[in-house]
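Could you slot chain D onto chain E? The hints should help.
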Amino acid sequence: MEQDLPITGSTNDIFEQINQAEYGAHYLVIYPELVMLRDIYSRYVKTHLENNDEIVLITSYYETIDSVRQNLSSQISANNDSIDIRKYENEGSLIIMDSVKGYFGLDDDDDDDDDKLPHKDGILTFLKQLVKGAESSGKNGVCVFADIGSFYHYHSSNGNNSVDQLVEYELSLPSKYDMKLKGFCIYHKTDFDKRLAEEQKQKLLNHHGKALLTIK
Amino acid sequence: MPDTDNNNHKFVLALDDEFDIVTLIKQALQKYGFNIFAFTDPFMALGHFNLNVKDYSIVISDIRMPGMNGYEFVKKIKQIKTEVKVILMTAFEINDIDLSNHLPTIKIDAFIQKPLSIKQLRHIMERIFN
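Line by line, the protein sequences give chains E and D. End of the first sequence sits at 234 in the numbering used here; the numbers just go up one at a time, nothing left out. End of the second sequence sits at 160 in the numbering used here; the numbers just go up one at a time, nothing left out.
Keep in mind the hints are simulated off the structure, nothing from the lab. We treat Cβ as the ideally placed atom computed from N, Cα and C, and that holds for glycine. Hints are supplied without guarantee of correctness; some may be wrong.
Unchecked claim - One-sided excerpt, in silico: chain E residues whose CB lies under 7 Å from chain D:
1) Tyr-80
2) Thr-82
3) His-206
4) Thr-208
5) Asp-209
6) Lys-228
One chain only, chain E, in its complex shape:
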C-alpha cells in the first residue's frame, strides 16, 4: 500500500488548512492535546459565525457540551468581543452535541447495548437536512467537526472490535462529499497511535482528502 503521511503544522497552519477547505472536503485531523483542538475549532467557529455564512456542527467526546460552549465564549477576538454562543445556538447556526449520542443515538432509557453500531444513515440524513437548512437560510453550507473518540467508548463493552467498526464506517463515507458539506474527522493522537494498526492508519490516511497533524 502506498504510504500517505499527514500534513503537519502548528495549530495556526492546521486552522488555515481547515479554513481554506472547500465544500465536499472530508479531512482527517489529528491533535495531540485538547487545547490545540479547542484553538482550532474556536477560531473556525468565530470566523464563520460572525460571517454568518455556515452552519457549524461540533460533536465532542473528550469535553462536555458546556465545556465547548465555555471555550467558544472565552475566545476573545482582536477587538475584545466574545462569541455569543447561545445566540448562535438558538438561531441554529451552531450545534454542539455529544459524540456518543450523535453517532450511536443513545437515549437515556436505551438498554440495548449489545450491538452498538454507528447510525451511519441517520448521521448522513441529519447532515443532508442541515445542508438544506443552510441553503434555505442563505448560508453557503455546513461544516462538521466530528470527534471520533466515541467509537472507542464501547470498546470494552461489546465483543466486537470498535476500531474495526470505526475503520469500516470511515471507509463507507465518500472521500469527497457531493453536497455543501465540509467534514473534519477529529482524532486524538494517542487514540490514533495506540488504538489503530499501521494498516488501519494507512487506510484512513489514504481515504481522506487530506490528513492534518497538529504539532507543538
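Same frame as chain E, but now just chain D:
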C-alpha cells in the same frame, strides 16, 4: 475520615487526563495521609499499579480518556487485583444501565459526578474505608 496515621499505608491511584483534576485529588487526599499517586496517562498508571499492586487499595479513575478509557482501565486493574476498590468519575451523564453495560461483572464502589467536590470525595473515601 480515617485518621492520618492509619492512612499512611494506604496507596491510592488517581487517574484523569486533566492534570488539574488529579492534582486537586492528590492535594486533597494527601492532607489525610494517603499515599496518593496521580497520573494523566492510563498506561503509566497501569504500569505503576502492576509494580505496586500489593500496596494499592483504591483506584480513582476518569472515564473518557484517550488511549484507554476508564472502563478498559478498571477491567485491567481488577484482573490484576480483584479486591481493589474503584471510584469512577465523569463530567458526562451516566446511568446504571450504561455502567452495567460497560462493566457487567465489576463492582464500582462509588461514582463521582464532575465538577469534582472535595467534600464529596472525602465522604466517599470515608464510606469506603469505614
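Taking the hints in turn, this is what the structure says about them:
no., hint, result
1, Tyr-80, "holds (6 Å)"
2, Thr-82, "holds (5 Å)"
3, His-206, "holds (4 Å)"
4, Thr-208, "holds (4 Å)"
5, Asp-209, "holds (5 Å)"
6, Lys-228, "violated (22 Å)"
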